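S.K.: Spelled out from the first residue to the last, the chains are:
There are 2 protein chains.
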Amino acid sequence: MSPSLPLRPFLAKMDAYKPGEQLDGPRIVKLNTNENPYPPSPAVLTEIRSEAERLHLYPNPTSESLRRALAAYHGVELEQVLVGNGSDEILRLLIHAVVGPGQALGMVNPSYSLYPVLAKAFEGRTNYYPLIDLVRLPEDVFGGPEPIFILPNPNPPVGTLFTKAEIVRLCRERKGRMVVIDEAYVDFAQRDVVSLLVEFKNLVITRTFSKSFSLAGLRVGYLLGSTDLVAELMKIKDSYNMDRLSQVAAAAAVASVESMYRNRDRIVEERDRTAEELIRLGYRVPESHGNFLFAIHPRAAEHYSLLRQRGILVRYFDQEPLREGIRITIGTPEQMRALLAALKEIVG
Amino acid sequence: MSPSLPLRPFLAKMDAYKPGEQLDGPRIVKLNTNENPYPPSPAVLTEIRSEAERLHLYPNPTSESLRRALAAYHGVELEQVLVGNGSDEILRLLIHAVVGPGQALGMVNPSYSLYPVLAKAFEGRTNYYPLIDLVRLPEDVFGGPEPIFILPNPNPPVGTLFTKAEIVRLCRERKGRMVVIDEAYVDFAQRDVVSLLVEFKNLVITRTFSKSFSLAGLRVGYLLGSTDLVAELMKIKDSYNMDRLSQVAAAAAVASVESMYRNRDRIVEERDRTAEELIRLGYRVPESHGNFLFAIHPRAAEHYSLLRQRGILVRYFDQEPLREGIRITIGTPEQMRALLAALKEIVG
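Chains A and B, in that order, are what the protein sequence lines are. In terms of my numbering, the first sequence opens at residue -6 and continues consecutively. In terms of my numbering, the second sequence opens at residue -6 and continues consecutively.
Hints listed in this document are in silico derivations from the structure and should not be mistaken for laboratory results. Owing to the predicted nature of the structure, the values given are computational and were not obtained by experimental measurement. Among these hints, one or two may not hold up.
FRET-style restraints, in silico, Cβ to Cβ [unchecked claim]:
1) A:A5 - B:E270: 51 to 57 Å
2) B:N53 - A:G136: 39 to 45 Å
3) A:Q312 - B:N53: 53 to 59 Å
From the three backbone atoms N, C-alpha and C, an ideal C-beta is built for every residue, glycine too.
Whenever a hint applies, use it, and build me the whole structure from the sequences.
M.R.: Structure follows, in C-alpha cells:
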C-alpha cells in the first residue's frame, strides 16, 4: 500500500471477491458462472433499443416503474421493494446498514462466498455455521446472535432448498435480528418464502434478474422487505443507482414472464436428466434446486482440469468442504451432451 | 425506524441526497439537472443494440476494455483507471476507503451537496471551507487536516474553474492526504489537471459520462489515480459493478469523441451568449466553466417559481449561501430562447 494515501486499515486486511472466469470465445462450453444459456424475452431487447434514445437524461432515481411492476408481480407494496445494480448492490446495502466494526454476519458453510467479503468491507467478521453433509442446517444456526444472517435458498454451490418451516424458525428465533433469504435461484425451485413477509418484519428476501431471467449482463437485483428497511436503505444507495436501460429491460422481463418460465422449465428438465447421467458415471449428486449441479467425486479437482483442457469450463472451489466437487451450470442440451461425453472419457 | 431491525445508528441521523426533479413531459423545458440536450454519438447506440444480444452472460468484472480506452484517451496506465456506476459510485468508494467513524471529509461551500451525504453514510463528518464571494478559495483550505478533500473543478453550482497553481498547492500542502478533483464538468472548461497525476500520488481525478458525453441515463463514471489506490478500491466495488451495455457504450463514446466535442462547443457558445443576456436582464452571473450558469438576483426564489409555472425547470437551492441564485443548465438555443423570453416577462 502506498504511504502517500490515508486508506483505512481494513482494506489491507481484505481480498476482493473472486468471480468465476469470464472467458470469451466461440469454442468454450461455459458452465462455470450459472448463467442462463437462453436469451431473455424479445420484449427486453425492444425496450432497450427504444430507451437508448433517451440516454442523455438522468434515469428515475428510485426505479419507480420497475418497483411498481415487481410489487404487483409479488403481491407486495411498492414501498417494500428496493432495486439495485445486481443483487450484489442489495447485499452490500444490507451489510452496510447492519454490520459495523467488530460486528458479525452469520452464514452457513458452504454457501455464497461473497458475503464474508462484504462483511470485511464494513470492518465486520463472519460466523460460519457448517452444514451437516453439505446440506442440513445445524441446530445452533437458528438462535444465533448475529444482527444479520444470510441464507441462500436454494443454497449454492450444492443447490439445497431449505424448508419453509426452517425459514420460519430462523425468523422466529432470530427476532429483532435480520434474516436475509437470498432467492437468487428460487425460480428453479418449487417454492419461495415471499408469503412470510407479512408475518416476519425481520425477514428480507433478495432476488436477481441474472439467473432465471437471463440478464446477468445487465445487473439488476432487488429486495423485498419492510417499508422501514427500504426507506433507510434508500439513504445509502447511490442516488441514481439504476440506469435507464436496466430499468426498462427488467420491467419488460417481468411483463413477459412466460418467456422466463419456458426457459426455466427447459433448464430444470435438463438439470434432472444430467444429474441422473452423472450418478451413472459414479458421481454423488445432492439434489439441486438451482440451475446447477454439484457433482462429488474423489478426483473432482483432476476432472475440473481435464474438462478445462477440453474447452469445457466448470467451477472448482479449492477450499473446504468443497474440494471433492465440481459445480456444473446447466446449459443447453448440446452443451450438456458435450460435458457428459467428455466426462465419460475422463472417468472411464 | 422499526424496532424489529438492528440498523446502525448513523442511518437515523442522515438524509438521502436529493437529486433535482426528474419530471417527464414533452412540454417541460428541463434545465435543472445539467443534462446535455444533445444525443450521444450514434456509435453509442449501435454498440448498445449489438451488445444487447449478449445480456445472458456476465460482463467483464473490471471493465477492462473500457479502462484500456480511457487509459489511452488520457495517456495513463490501465491500472490507474477505475470505472464505476456513475461518478457517484466512484466518490462513494473513495469515501468508503478513507472516511471512518468521526473522521472528516473536507470540501468548499458552496459545492456539490452529495459529498456530505456520503461522509455521513460512513459515519464521518464534513468540514466546510466557505468560498470567498462564492468563487475564491480561502487561505486555510490548503493545509487543512482532513484525510480526504474533494474539490469539483469547475465547481457547481457557480461554475468556477480553479487554477492549476491552486490545485498544485492543495496537493503539496495536503501531502499524505487525498485530494480529489471532481472533473465532472471539465470538458466545458479550458484545462484539466490530468498532467499533475505524475507528480502527485495523493491526487485523484474523477470524471463522468453524464455531462459532456450525453450519457446521464447510462451511469458511467471513472477515476484516474495511483495504481495502488485503484487496486485497493477494486476490493470494495461490487464485483460486477458495470453492466455490458454501459461498458461498450462508454467505450464507443470515447472512440467517437469528436461528436462530444461538437456538442460541447455548441453548449459553450450558448452558455456565453446566455450569460450576456442574463447580465443585460439585471442578473449577476459569475463566470462559469460548466454547462450551466448561476444567475444571482435578490428575487431569485420568486423567479424560480415563476419559471416553474411556465413549465421551465431550473434549480433553486434553498440553503445559504445560494438563496439569491438560480442554476440554469445550458440547453438548446430554442430552450434558452424560451427561458430568456420568460425571464424578460418576469424581471421586466
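S.K.: Now, for every hint given, state plainly whether the structure supports it.
M.R.: Here is how each hint holds up against the structure:
| no. | hint | result |
| --- | --- | --- |
| 1 | A:A5 - B:E270: 51 to 57 Å | holds (55 Å) |
| 2 | B:N53 - A:G136: 39 to 45 Å | holds (43 Å) |
| 3 | A:Q312 - B:N53: 53 to 59 Å | violated (25 Å) |
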